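*Asks:* Kindly generate the complete structure, drawing on both the sequences and the hints.
There are 2 protein chains.
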Amino acid sequence: MRKISKADLSLRNLKKLIKKEFNETDKLIKNQINSDVNRIPKLSKHIINLGGKRLRPMLTISCAKMLKVRNKNHIKLAAAVELLHTATLLHDDVVDESNYRRGEKTSHTLWDNKSSILVGDFLLGKAFQLMVETNSLECLNILSKAASIIAEGEVLQLVETNNINIRKTNYLKIIESKTAALFSSACEVGGVVSGANKSQKKKLFNFGKNLGTAFQLIDDALDYDGSSVKMGKNNGDDFFEGKVTLPVILAINSANKKEKEFWKKVFNKKTRNKTDLKIAKKIIKEKDTINKTLKLANQYGEEAKQIMEGFENNPIRDALIDLVDFSLIRNH
Amino acid sequence: MRKISKADLSLRNLKKLIKKEFNETDKLIKNQINSDVNRIPKLSKHIINLGGKRLRPMLTISCAKMLKVRNKNHIKLAAAVELLHTATLLHDDVVDESNYRRGEKTSHTLWDNKSSILVGDFLLGKAFQLMVETNSLECLNILSKAASIIAEGEVLQLVETNNINIRKTNYLKIIESKTAALFSSACEVGGVVSGANKSQKKKLFNFGKNLGTAFQLIDDALDYDGSSVKMGKNNGDDFFEGKVTLPVILAINSANKKEKEFWKKVFNKKTRNKTDLKIAKKIIKEKDTINKTLKLANQYGEEAKQIMEGFENNPIRDALIDLVDFSLIRNH
Chain A
1 MRKISKADLS
11 LRNLKKLIKK
21 EFNETDKLIK
31 NQINSDVNRI
41 PKLSKHIINL
51 GGKRLRPMLT
61 ISCAKMLKVR
71 NKNHIKLAAA
81 VELLHTATLL
91 HDDVVDESNY
101 RRGEKTSHTL
111 WDNKSSILVG
121 DFLLGKAFQL
131 MVETNSLECL
141 NILSKAASII
151 AEGEVLQLVE
161 TNNINIRKTN
171 YLKIIESKTA
181 ALFSSACEVG
191 GVVSGANKSQ
201 KKKLFNFGKN
211 LGTAFQLIDD
221 ALDYDGSSVK
231 MGKNNGDDFF
241 EGKVTLPVIL
251 AINSANKKEK
261 EFWKKVFNKK
271 TRNKTDLKIA
281 KKIIKEKDTI
291 NKTLKLANQY
301 GEEAKQIMEG
311 FENNPIRDAL
321 IDLVDFSLIR
331 NH
Chain B
1 MRKISKADLS
11 LRNLKKLIKK
21 EFNETDKLIK
31 NQINSDVNRI
41 PKLSKHIINL
51 GGKRLRPMLT
61 ISCAKMLKVR
71 NKNHIKLAAA
81 VELLHTATLL
91 HDDVVDESNY
101 RRGEKTSHTL
111 WDNKSSILVG
121 DFLLGKAFQL
131 MVETNSLECL
141 NILSKAASII
151 AEGEVLQLVE
161 TNNINIRKTN
171 YLKIIESKTA
181 ALFSSACEVG
191 GVVSGANKSQ
201 KKKLFNFGKN
211 LGTAFQLIDD
221 ALDYDGSSVK
231 MGKNNGDDFF
241 EGKVTLPVIL
251 AINSANKKEK
261 EFWKKVFNKK
271 TRNKTDLKIA
281 KKIIKEKDTI
291 NKTLKLANQY
301 GEEAKQIMEG
311 FENNPIRDAL
321 IDLVDFSLIR
331 NH
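Chain order of the listed sequences is A and B.
At position 247 of the first sequence (counting the first as 1) the number is 247 in this note's numbering, and the numbers step up by one without a gap.
At position 257 of the second sequence (counting the first as 1) the number is 257 in this note's numbering, and the numbers step up by one without a gap.
Hints listed in this document are in silico derivations from the structure and should not be mistaken for laboratory results.
The model shown is predicted, which means the values in this text are computed figures rather than measured ones.
Ideal Cβ placement from N, Cα and C applies to all residues, glycine included.
A portion of the hints provided could be inaccurate.
[What the hints assert, rightly or not] Subject to a maximum C-alpha distance of 25 Å in a straight line, what follows is the list of computed DSS-like cross-link-like pairs (lysine-lysine):
1) B:K145 x A:K45
2) B:K145 x A:K30
3) A:K45 x B:K72
4) A:K72 x B:K145
5) B:K260 x B:K295
6) A:K30 x A:K42
7) A:K173 x A:K287
8) A:K257 x A:K281
9) B:K45 x B:K68
10) A:K42 x B:K295
11) B:K20 x A:K145
[Said to hold, decoys possible] Stretch-level coverage of chain A by chain B, calculated; a stretch enters the list once three of its residues show a Cβ under 8 Å from a Cβ in chain B:
12) 90-102
13) 308-316
[To be verified] Chain A side only, calculated, beta carbon under 8 Å to chain B, not exhaustive:
14) I33
15) S35
16) I40
17) K42
18) L110
19) I117
20) V119
21) Q129
22) N135
23) L137
24) A147
25) S148
26) V266
27) K270
*Replies:* Okay, structure coming up:
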């Protein structure tokens with residue numbers, strides 16, 4: 001029997017507290033992907049089933065429930081957040097040319113790039129329709145801004161591909177945009193529909209932002225950690241895709257001449273092979289930059305926890321604090 | 001000197017009546033594409049400049065002005081409609097693998113598919129932000145639905161690619177979704193921000209729907225009309241992309257055995273060449289299906305005109321009626 005990790009337990013605990021809402025959200029998501037054009041529900045179902053743990057909608061539901069939401073708008077927003085996320089996954093897999101997600105073939109591999117692009121657009125439209133149903137212009141404002149910021153981060157990541165001179169600030173801007181922006185919005189809109197005040201909304205936003213940044217930093221660290229299975233894609237994916245992430249940036253910052261030559265050569269190549277990855281991992285291990293990345297993730301995580309502790313004592317609040325730990329220790 | 005056609009004149013006339021608003025919209029669109037990530041404004045500017053005559057935002061402005069709009073929301077919506085359209089063009093060019101638009105290289109040819117997909121997503125987000133600025137949930141509802149319907153039409157088109165047995169109803173569903181849905185929404189939201197009543201909004205919607213359908217039918221007819229330059233892409237594009245449009249559907253419906261064999265063979269091939277197009281055009285000419293397609297377009301156009309005549313006498317109303325003629329006779 002598989003050992004249940006501490007990480008799994010903290011996620012299960014939160015899920016238990018919001019089980020009813022989580023299931024309602026799931027049902028609502030599945031209702032949205034209906035269409036007479038068969039390929040749309042088929043492809044959508046495939047990617048949604050691969051979508052993983054539904055962290056983002058869990059955040060929306062939890063933040064709203066923690067603040068005693070009195071209607072069903074958090075369900076609609078949670079579904080909208082997940083649909084928005086799913087649309088970006090579909091487009092990302094095309095952009096990254098990823099053939100696998102969580103060990104399963106990606107949608108554009110089973111169908112084609114064209115279908116993934118267009119079904120992504122369909123889901124984006126559906127996400128906005130759900131937001132409209134809440135009658136909250138504030139939520140629409142927050143999430144439409146997030147949609148642009150996510151795309152902006154993805155373009156910046158694309159522009160910086162293979163650039164070994166990428167500045168750490170640009171790297172952090174990329175992960176804040178492509179990942180943290182949806183985490184922060186997911187939390188904030190949960191507050192909005194619960195009638196949170198300005199200070200509470202700011203706290204929720206910052207909790208999500210710090211959690212999302214920590215989450216992405218861990219993801220980037222795990223990409224070079226041979227001992228672990230990455231939650232999302234496959235080990236070494238970032239490297240093969242030419243994404244220069246923090247473990248590499250830090251290794252380059254303290255590289256000797258020979259190492260600098262290696263990084264330059266390897267990221268200037270059109271494709272990188274397994275031998276390249278092996279050498280990269282060896283250098284990264286010597287420089288201890290996985291741990292340095294994890295340390296930075298921990299700082300963001302600690303910040304997230306402190307912010308959440310600013311809310312009144314409540315089982316969901318405590319579960320959200322534990323969720324930060326889940327994000328930090330997952331699969332380690 | 002180039003002869004000014006009747007079509008050009010009718011467009012100029014409408015443009016003159018809404019010149020101030022048209023320029024404000026143009027300025028607003030250009031403001032929206034700003035970003036620290038240089039590739040975003042560069043690529044956006046390229047596609048927006050190729051965008052053509054800005055028919056859709058002109059419809060929003062005109063419908064609003066005809067109904068005596070009293071604020072600036074029609075400018076915001078017109079810009080939103082154009083940004084939404086631009087986003088779909090970026091994605092369409094990737095999906096269709098089109099190398100040229102209006103004689104210029106397409107964005108994904110100058111940059112890459114990835115940039116076109118992501119900048120499209122960025123512009124979609126910006127379009128929704130502008131809609132939010134109008135504070136009109138009704139407009140957000142109309143346009144978010146349109147966004148899904150457009151994508152749905154594009155997926156249906158993709159599924160029906162190379163299918164010579166496509167039903168005429170499915171063909172009409174495709175063009176109603178991928179083209180007419182944005183025309184009808186562009187008109188309807190113009191009414192909404194002017195405080196139009198239910199019956200007026202319905203009329204505007206139906207005017208746009210019929211105009212958009214006529215517009216696309218003409219586009220599809222021109223693709224096989226060697227004597228004219230198509231407004232959008234290049235002559236024969238639909239054929240090369242394997243899109244079975246009305247001139248072909250009608251030719252297949254009355255095909256003899258030999259012709260049927262030709263259509264089957266030619267659309268079963270992975271790619272079609274210029275000789276194939278020549279034969280296709282010859283059959284289409286013999287069957288007179290371009291004229292049959294134009295005739296159907298005219299019926300939709302007449303319907304659009306009749307609906308518009310249901311509004312009170314007004315210079316903009318008359319210019320919109322003339323615009324239908326422009327759509328029907330453009331480049332003929």
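*Asks:* Please list, smallest to largest, the hint numbers that this structure does not respect.
*Replies:* 3, 9, 10, 11, 13, 14, 17, 18, 26 and 27
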